[in-house]
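There are 2 protein chains.
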Amino acid sequence: MKLGRLNHIGVATPSIADSIAFYRETMGATSIVEPFELEGRHLLVAFIDTPTDSGMNGTQIELIEPLEGDTALTGFLQKNPLGGQHHLCYEVEDIAAAREWFEGQGKRILGPTRIGAHGTPIFFVHPKDMMGQLTEIMETPKEAH
Amino acid sequence: MKLGRLNHIGVATPSIADSIAFYRETMGATSIVEPFELEGRHLLVAFIDTPTDSGMNGTQIELIEPLEGDTALTGFLQKNPLGGQHHLCYEVEDIAAAREWFEGQGKRILGPTRIGAHGTPIFFVHPKDMMGQLTEIMETPKEAH
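Protein chains in written order, with my numbering: chain A, -10 to 134; chain B, -10 to 134.
If you're looking for bench data, these hints aren't it; they were derived computationally from the structure. Note that the structure is predicted; figures quoted are calculated from it, not measured. Even glycine gets a Cβ: it sits at the ideal position worked out from N, Cα and C. Among the hints, a few may not be true.
The calculated label-pair distances, taken between Cβ atoms and stated as ranges, are [unchecked claim]:
| # | chain 1 | residue 1 | chain 2 | residue 2 | range |
| --- | --- | --- | --- | --- | --- |
| 1 | A | 31 | B | 108 | 43 to 51 Å |
| 2 | A | 94 | B | 61 | 31 to 39 Å |
| 3 | A | 14 | B | 82 | 32 to 40 Å |
| 4 | A | 93 | B | 71 | 15 to 23 Å |
| 5 | A | 20 | B | 115 | 36 to 44 Å |
| 6 | B | 27 | A | 71 | 26 to 34 Å |
One-sided excerpt, in silico: chain A residues whose CB lies under 7 Å from chain B [as the list claims (entries may be wrong)]:
| # | residue |
| --- | --- |
| 7 | -10 |
| 8 | 18 |
| 9 | 47 |
Assemble the whole structure, with the sequences as input and the hints as a guide.
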């Protein structure tokens, strides 16, 4: 496998509205994907775009807030009430090949491959098998991101 | 202030050697800045480059391992023995103006502005004032990074 683009950093928050205000007013963010519910996951998601030399196509900040019915992120926020860094997400060309690769290395994959917040297939790998980093692997969107 | 480039994600590790092996062998990293000691900080630092559409100039992973004499990162690793995400670093054009900006917003800045791992001035802002995210602000290197 070849290291792919660092698509986003997942940041847990008790309030996406407060986080967006923070990124806009304190950090000076200008390009924000407004909050939407991640279907079937009990999560509210929004994205902060960051710049590169060629546009606003840098690694995004993915804000995630738990909704009624969530357990995992709620547990994270109980330990970190202010929120904080939750996961890293790398892109791959082929999600099935990537899953096979991580399984072949004995890494624990958390649940089935599913559709993620960018509309492409994703899966998560257990942080205990990834040097403490909860890692999302996502298939690169076919269109420009 | 305008949101700058997400320069790197700081990742604490008990062993930079093990982390480099992990990023190379499991994640497929091909471009790695070999470990060096961060002068006066009791830290060993290395960088994993990530790709963008135009090269290996994406947001980096900054691996940090405590050396004898460190206390802060050692404390982090006592709580997270495997390591894990530690901080985010955003670039700014002018470090003095950025410091004034954050101070003006009542954010607690951790210590004086100093020279960071990329050789440009940096400072850290307290995670409790940044929605749980320990945030490094660094002046953009004048040359290509």
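How the hints compare with the structure:
{"no.": "1", "hint": "A:31 with B:108: 43 to 51 Å", "result": "holds (45 Å)"}
{"no.": "2", "hint": "A:94 with B:61: 31 to 39 Å", "result": "holds (32 Å)"}
{"no.": "3", "hint": "A:14 with B:82: 32 to 40 Å", "result": "violated (19 Å)"}
{"no.": "4", "hint": "A:93 with B:71: 15 to 23 Å", "result": "holds (21 Å)"}
{"no.": "5", "hint": "A:20 with B:115: 36 to 44 Å", "result": "violated (26 Å)"}
{"no.": "6", "hint": "B:27 with A:71: 26 to 34 Å", "result": "holds (27 Å)"}
{"no.": "7", "hint": "-10", "result": "holds (4 Å)"}
{"no.": "8", "hint": "18", "result": "holds (4 Å)"}
{"no.": "9", "hint": "47", "result": "holds (6 Å)"}
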